[in-house]
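Residue numbers (the working numbering), protein chains in the order written: chain X, 1 to 376; chain L, 1 to 376.
I should point out that these hints are in silico values taken from the structure, not numbers from a laboratory.
Nothing here was measured: the structure is a model prediction, and the numbers come from that model.
No false leads were slipped in.
For lysine-lysine, the following DSS-like pairs were computed, each having C-alpha atoms within a straight-line distance of at most 27 angstroms:
hint : chain 1 : residue 1 : chain 2 : residue 2
1    : L       : LYS100    : X       : LYS327
2    : X       : LYS47     : X       : LYS358
3    : L       : LYS78     : X       : LYS327
4    : L       : LYS119    : X       : LYS327
5    : X       : LYS47     : L       : LYS50
With the C-beta cut set under 7 angstroms, the calculated list includes, among others, these residues of chain X facing chain L:
hint : residue
6    : ALA36
7    : SER42
8    : HIS324
Derived list of chain L stretches under chain X, where covered just means 3 residues or more per stretch with a C-beta under 8 angstroms from a C-beta of chain X:
hint : segment
9    : 39–50
10   : 320–329
Quick reminder that beta carbons are idealized off the backbone N, C-alpha and C, glycines included.
Number of protein chains: 2
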Amino acid sequence: MFNLIKTEGAARRGELITPHGTVQTPAFMNVATDGAIKGGVSALDLKKLKCQVQLCNTYHLHLRPGDENVRRLGGLHKFTRWDGPILTDSGGFQVFSLAKLRNITEEGVTFASHIDGHKIFMGPEESMRIQSNLGSTIAMAFDECVKNPAEYDYARASCERTVRWLCRSKAEMDRLNSLPDTLNRHQMLFGINQGSTFEDLRIACMREIRKLDLDGYAIGGLAVGESAECMYHIIETVEPEMPKDKPRYLMGVGMPVNILECVKRGVDMFDCVLPTRNARHGHAFTWSGCRNLFNAKYVLDELPLDTECDCPVCRNFSRAYIHHLFKSGEILAMRLCVMHNIYFYNTLFERIRDSLDKGCFSEFFNRYIDVIGKRI
Amino acid sequence: MFNLIKTEGAARRGELITPHGTVQTPAFMNVATDGAIKGGVSALDLKKLKCQVQLCNTYHLHLRPGDENVRRLGGLHKFTRWDGPILTDSGGFQVFSLAKLRNITEEGVTFASHIDGHKIFMGPEESMRIQSNLGSTIAMAFDECVKNPAEYDYARASCERTVRWLCRSKAEMDRLNSLPDTLNRHQMLFGINQGSTFEDLRIACMREIRKLDLDGYAIGGLAVGESAECMYHIIETVEPEMPKDKPRYLMGVGMPVNILECVKRGVDMFDCVLPTRNARHGHAFTWSGCRNLFNAKYVLDELPLDTECDCPVCRNFSRAYIHHLFKSGEILAMRLCVMHNIYFYNTLFERIRDSLDKGCFSEFFNRYIDVIGKRI
Numbered sequence: 001m002f003n004l005i006k007t008e009g010a011a012r013r014g015e016l017i018t019p020h021g022t023v024q025t026p027a028f029m030n031v032a033t034d035g036a037i038k039g040g041v042s043a044l045d046l047k048k049l050k051c052q053v054q055l056c057n058t059y060h061l062h063l064r065p066g067d068e069n070v071r072r073l074g075g076l077h078k079f080t081r082w083d084g085p086i087l088t089d090s091g092g093f094q095v096f097s098l099a100k101l102r103n104i105t106e107e108g109v110t111f112a113s114h115i116d117g118h119k120i121f122m123g124p125e126e127s128m129r130i131q132s133n134l135g136s137t138i139a140m141a142f143d144e145c146v147k148n149p150a151e152y153d154y155a156r157a158s159c160e161r162t163v164r165w166l167c168r169s170k171a172e173m174d175r176l177n178s179l180p181d182t183l184n185r186h187q188m189l190f191g192i193n194q195g196s197t198f199e200d201l202r203i204a205c206m207r208e209i210r211k212l213d214l215d216g217y218a219i220g221g222l223a224v225g226e227s228a229e230c231m232y233h234i235i236e237t238v239e240p241e242m243p244k245d246k247p248r249y250l251m252g253v254g255m256p257v258n259i260l261e262c263v264k265r266g267v268d269m270f271d272c273v274l275p276t277r278n279a280r281h282g283h284a285f286t287w288s289g290c291r292n293l294f295n296a297k298y299v300l301d302e303l304p305l306d307t308e309c310d311c312p313v314c315r316n317f318s319r320a321y322i323h324h325l326f327k328s329g330e331i332l333a334m335r336l337c338v339m340h341n342i343y344f345y346n347t348l349f350e351r352i353r354d355s356l357d358k359g360c361f362s363e364f365f366n367r368y369i370d371v372i373g374k375r376i
Numbered sequence: 001m002f003n004l005i006k007t008e009g010a011a012r013r014g015e016l017i018t019p020h021g022t023v024q025t026p027a028f029m030n031v032a033t034d035g036a037i038k039g040g041v042s043a044l045d046l047k048k049l050k051c052q053v054q055l056c057n058t059y060h061l062h063l064r065p066g067d068e069n070v071r072r073l074g075g076l077h078k079f080t081r082w083d084g085p086i087l088t089d090s091g092g093f094q095v096f097s098l099a100k101l102r103n104i105t106e107e108g109v110t111f112a113s114h115i116d117g118h119k120i121f122m123g124p125e126e127s128m129r130i131q132s133n134l135g136s137t138i139a140m141a142f143d144e145c146v147k148n149p150a151e152y153d154y155a156r157a158s159c160e161r162t163v164r165w166l167c168r169s170k171a172e173m174d175r176l177n178s179l180p181d182t183l184n185r186h187q188m189l190f191g192i193n194q195g196s197t198f199e200d201l202r203i204a205c206m207r208e209i210r211k212l213d214l215d216g217y218a219i220g221g222l223a224v225g226e227s228a229e230c231m232y233h234i235i236e237t238v239e240p241e242m243p244k245d246k247p248r249y250l251m252g253v254g255m256p257v258n259i260l261e262c263v264k265r266g267v268d269m270f271d272c273v274l275p276t277r278n279a280r281h282g283h284a285f286t287w288s289g290c291r292n293l294f295n296a297k298y299v300l301d302e303l304p305l306d307t308e309c310d311c312p313v314c315r316n317f318s319r320a321y322i323h324h325l326f327k328s329g330e331i332l333a334m335r336l337c338v339m340h341n342i343y344f345y346n347t348l349f350e351r352i353r354d355s356l357d358k359g360c361f362s363e364f365f366n367r368y369i370d371v372i373g374k375r376i
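The whole structure should be built from the sequences, with the hints applied where relevant.
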């Protein structure tokens, strides 16, 4: 269930109540692709990094260790030791971006595993069964994510099929949730808005899928080739069509600047690999901009990554030490930087929520929008 | 200062009092080559893994980030955030094993950096100055570690030079400790016994170096090519010549079985990369033998790495999860396995000390000697 607590312009402060705990929104979901945050961070570490939601990838876990094995091991919560909410994606995005030799029909997609090339079929029913086996808190509907720019006719046909797939996803999830031996009898389902960069397709899609009264609605197919301005415009186009009483999740976004812009446009939930991926390459997000820890200027710098941060890394380690660890190829460099960036992202959302609570999101936005993306 | 608390046969229970805290012996020193344990484990993690001493490598830190930089940053303790005792090796072992184009003279060794090939000279005085800049608790004398098997004449000449280098190491360390701006005015110095596998050389060397009344004595040049039986025999040969009131450190040893055998022969201190290196390759030490976590039999195994272990990893994660992380190439696999192995090694030493305290080391030895090395 979603409670809308407060609004400021289009920006929303809310809470999503799930069987695994309540998520304060706007919220960031921390990406643990294979059931672990890349960079050597465990679910127990996440507890110290203000994480609210862990996101795991259906496609990866289906291939390895196999969703039926995860089910036998008691589900993702027990497997990864994260007891808070877990969102699983549908597998669709990875099928269309990682897998090879795809063949799409009305039934679903046949593709070759990127690990060993073996042929797999996945349609809405298969995706729901896999996510049910994983036992996540929130399952995502099976969709096709079309890269931008797209042909109008392809985007329309794909979008219409995605809506049909959503109906099948819902029917299958309802059936799975009613089984006596299901891991999570209250598994939630979010639908996904598609339609590429075409306003009419986006609106038509949204009007169709809102009829299904799902637990939440995602905007997919953005941040996949179009400009940030185009992305913001599509969000502004589709947002008025989205139910007010359901959480809105913008998939795969983004940099702190994008997040501020999209919260402003009414988005409640986000996920992105940037805080962890950039950290592994030595990039630390801070309240005054983004640092590259490989830079030689940090050799003798005794300050923490961010002087405004009180994360476990900034309370203990210097830029000089982390610079040295990156130069030496030590794994600890990645771990420390990943932990800091995760904490930074979750703190960014905490401060966004705080500003919404206090009715000063617009001041918060203006204070950071030009600073937070700078290279320093 | 070293207090010998109790003996059982040749095995010794003692404590080494240092400016950075007291080390209960027998003790294991945890190898943090570049100032970090490989596998993503920080000095703060070490506190939870029963670590008593961190060992850092002089050669590596001299090359990167540079010992003068470490000094400017306040020394290794501040740099790595480990506030307990730190032992630095002399750099000699790495000069003779990692570096290229070596040229040895009475003065010292000229060699090419393994990172960028630039020429470096290191003799006893340079090694002491570097270790003084690092500010370690215990410095090791500069020596030549001759690989086994060695020619008798070469081993004898090298060993005699190593003794002369020790005298120069001591003189230089005394001078450095008396400087007003030194990081650690009570930096301790251990001498190193060499002589390859030749009994007469080992004994002659030990008789010479014990005259210097150093803070401790190491046995070097073992576990470098000879059999375990040969190593045990050399320890038995040299041990009666070692001062009773000084700690004895066997460098670079070893597997748990080797440790039990060498504690039995009167060794107090050990260091080895095996617990961390083997962990990174999926090998977990347990009280019933050694596991390979890549083994497919762990796919559905919900037990911890070691059912007898109460480390932070075994209290939380299953073999199935760690197996999955290794198969997926997740860095978290290495971190979890490294943490477990470090805890295992430090617990092994805790239990060795406990058995010595209770006068039942021989029962402890007999109970584990045939079990602890098994592959399971």
